[in-house]
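Each protein sequence line maps, in turn, to chains P and V. Under my numbering, think of the first position of the first sequence as 15, with each following residue one higher. Under my numbering, think of the first position of the second sequence as 438, with each following residue one higher.
Just so you know, the hints here were simulated from the structure itself, not pulled from any lab data. Since the structure is predicted, the reported quantities are computational estimates derived from the model, not experimental observations. Any given hint could turn out to be false.
[Said to hold, decoys possible] Listed next, the stretches of chain P that the computed footprint assigns to chain V, with coverage defined by at least 3 CB atoms under 8 Å from CB atoms of chain V:
#: 1; region: 67–80
#: 2; region: 100–108
#: 3; region: 112–123
#: 4; region: 160–174
#: 5; region: 295–303
[Stated by the list, open to error] Chain V is nowhere near these chain P residues, computed Cβ spacing over 12 Å in every case:
#: 6; residue: Ile25
#: 7; residue: Val29
#: 8; residue: Gly32
#: 9; residue: Val33
#: 10; residue: Lys84
#: 11; residue: Asp90
#: 12; residue: Pro129
#: 13; residue: Gly207
#: 14; residue: Arg214
#: 15; residue: Glu239
#: 16; residue: Leu252
#: 17; residue: Ile271
#: 18; residue: Ile272
#: 19; residue: Val276
#: 20; residue: Val309
#: 21; residue: Ala323
A virtual CB, placed ideally from N, CA and C, is assigned to each residue, including glycine.
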Amino acid sequence: MLKYLIRRILIALPVILGVTILTFIIIQAAPGDIVDLYVDPTLSVADKQAIRANLGLDKHPVVQYGIWLKGVMQGDLGNSLVNRQPVAVRIGERMGATLGLSLAALALAYFVAIPVGVISATRQYSWLDYGSSMFALMFVSIPGFFFGIGLIFFFSLRLDWLPVSGMRTLGVEKSFGDLLQHMILPAIVLSAGTMGAVTRYTRSSMLDVVRQDFIRTARAKGVTERLVVYKHALRNALIPVITLLGLQLPNLLGGAIIIESVFMWPGMGRLAIEAINSRDYPVLMGLNLLTAVLVVVGGLLSDMLYSAADPRIRYS
Amino acid sequence: MSIAKKLSPQAATPKEPKSDKNYVLRRFLRHKLAVVGLVILTVLVLTAVFAPQIAPYDPNKFDAVSMVDTPTREHLLGLDQVGRDVLSRVIYASRISLSVGVVAVGIYVIIGTVLGSLAGYYGGWVDIVLTRFADMFLSFPQIMLILVIVSMIGPSIWNIMVVLGLLGWPPIFRIVRGQFLTLRELDFVQAGRGMGAKDSRLIFRHILPNSMGPILVAATFGTATAILTEAALSYLGLGVQPPAASWGNLLIQAQSTTVIEKQPWLWVPPGMLIFISVLAINFVGDGLRDALDPRLKR
Numbered sequence: 015m016l017k018y019l020i021r022r023i024l025i026a027l028p029v030i031l032g033v034t035i036l037t038f039i040i041i042q043a044a045p046g047d048i049v050d051l052y053v054d055p056t057l058s059v060a061d062k063q064a065i066r067a068n069l070g071l072d073k074h075p076v077v078q079y080g081i082w083l084k085g086v087m088q089g090d091l092g093n094s095l096v097n098r099q100p101v102a103v104r105i106g107e108r109m110g111a112t113l114g115l116s117l118a119a120l121a122l123a124y125f126v127a128i129p130v131g132v133i134s135a136t137r138q139y140s141w142l143d144y145g146s147s148m149f150a151l152m153f154v155s156i157p158g159f160f161f162g163i164g165l166i167f168f169f170s171l172r173l174d175w176l177p178v179s180g181m182r183t184l185g186v187e188k189s190f191g192d193l194l195q196h197m198i199l200p201a202i203v204l205s206a207g208t209m210g211a212v213t214r215y216t217r218s219s220m221l222d223v224v225r226q227d228f229i230r231t232a233r234a235k236g237v238t239e240r241l242v243v244y245k246h247a248l249r250n251a252l253i254p255v256i257t258l259l260g261l262q263l264p265n266l267l268g269g270a271i272i273i274e275s276v277f278m279w280p281g282m283g284r285l286a287i288e289a290i291n292s293r294d295y296p297v298l299m300g301l302n303l304l305t306a307v308l309v310v311v312g313g314l315l316s317d318m319l320y321s322a323a324d325p326r327i328r329y330s
Numbered sequence: 438m439s440i441a442k443k444l445s446p447q448a449a450t451p452k453e454p455k456s457d458k459n460y461v462l463r464r465f466l467r468h469k470l471a472v473v474g475l476v477i478l479t480v481l482v483l484t485a486v487f488a489p490q491i492a493p494y495d496p497n498k499f500d501a502v503s504m505v506d507t508p509t510r511e512h513l514l515g516l517d518q519v520g521r522d523v524l525s526r527v528i529y530a531s532r533i534s535l536s537v538g539v540v541a542v543g544i545y546v547i548i549g550t551v552l553g554s555l556a557g558y559y560g561g562w563v564d565i566v567l568t569r570f571a572d573m574f575l576s577f578p579q580i581m582l583i584l585v586i587v588s589m590i591g592p593s594i595w596n597i598m599v600v601l602g603l604l605g606w607p608p609i610f611r612i613v614r615g616q617f618l619t620l621r622e623l624d625f626v627q628a629g630r631g632m633g634a635k636d637s638r639l640i641f642r643h644i645l646p647n648s649m650g651p652i653l654v655a656a657t658f659g660t661a662t663a664i665l666t667e668a669a670l671s672y673l674g675l676g677v678q679p680p681a682a683s684w685g686n687l688l689i690q691a692q693s694t695t696v697i698e699k700q701p702w703l704w705v706p707p708g709m710l711i712f713i714s715v716l717a718i719n720f721v722g723d724g725l726r727d728a729l730d731p732r733l734k735r
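Bound-form chain P, shown alone (with noise of 0.2 Å):
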């Protein structure tokens, strides 16, 4: 097993490596950096060519590559052009906001799909199973912001339960009654997609497993049909689903993007369309590495998890 994970970690390296070289050649590019898109204008060449020197941008394009890898042996990510923190920092501080609102939104989109899809399989062709699948597929269909703006529209303004933006109110003192209202409605948005997909994925699942001959078995041996449907059939109809998990992993950093532009949630992905706006490379190089780093880890955990529920898949 060990012998696998360690395989598979080397196997995925030179991706990793070629993911990065890739995003950093796109950057350079790019036309116009970051002096001539920040800095005052009015400035002369000679004073801009230093800036550019001070910031490590004149030298050759191999070389700041060269680096900027050497740095991340190292475990230093380089510091942003935009303001000179270290990268880890400015990642670090953002990193929270939108770990908190992907888990909140996996946790939100899991629990209910589940459910739904179990429910929906076991009473197949019911109201409830149809109304389900038609949400469900209404869930994948529409766009998160227009769906977020609905929200906001609906809850925030016409009825003014909840705040319109960003992760708290300022000026009061933190609280988490306080968070959990700012964090209701990008959750929900940002679950949708996935609580669509997981609740049709499940419900199929389940169809699947419950026509095989291991439950006409329990049936006919007289287990009640609570334990049939709860105990033995949803354990192997959740098998998929589980690794499925692992492969949202990317999509916590992803998916968040849009809903965070539209919340004004102060997270990672925010950050990336700031350093994507700003050609703040190094930012955006530690966010990619980052993103293929999850990437990574999410197939492995998904493979991980795939080999515990079912014993009959073992890797060597």
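Could you slot chain V onto chain P? The hints should help.
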């Protein structure tokens, strides 16, 4: 008549008669939702194609006459913040939003099918190399990469089509490759080979046509995703640039709470249209998938 076709020696027919097009069509039509979706899509496509005839006003012209910007009988969806007719803009936007989806998917279906056929048919190191290549693409953090690339090469509708097209082929690749691996071993292919058919003939006339089912389903769902992605990118300002209208960038106006609350006619129509289009596509995709599934016995 179809039976005669199946028995004729020239036609290289698949094992299951279920892939006969009429049968699939009949099964599709039994799905009410799928049919509804298809109708909706047809309406949308026709609106997009005939936009110049249907739209009441020029989407870029400012109306200097009207007093108010709320919906009136002259302007059914009101005016936007600079005075353009919203309905016309939304109609013209459908051209862009829908076409981005179709073109992007078209690109990556072609790429994925070609690569998948090669990998699945020839196997060996061709397969290994191509599959690793596809895995690499799959491991990329998709959204981040799209954002970075699009913002770097400049936001425009063509760039988005190309980027989405170049990044979306691995799932199609996998499907086609899987189909080829399965179908390659079947009798009718072996028979063709035995009769001396060239590789290209086998690929294009025999195996590929029988793989179209899953490809079509994947392409349909892919279009839905592509439309959503374009909308999101345009909303972030990284997609279609104003004054050109796409449903996504029409929603940019809804970033202020005043607009959200007081001028819903600005953001509700484009958002709803994205929603309805994607929903319709998903209906059709579901119907297609069920109609093409050889295992379903309803």
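For this session: Report the numbers of all earlier hints that the structure fails to satisfy, in ascending order.
Result: 1, 2, 3, 6, 7, 8, 9, 13, 14, 17, 18, 19, 20
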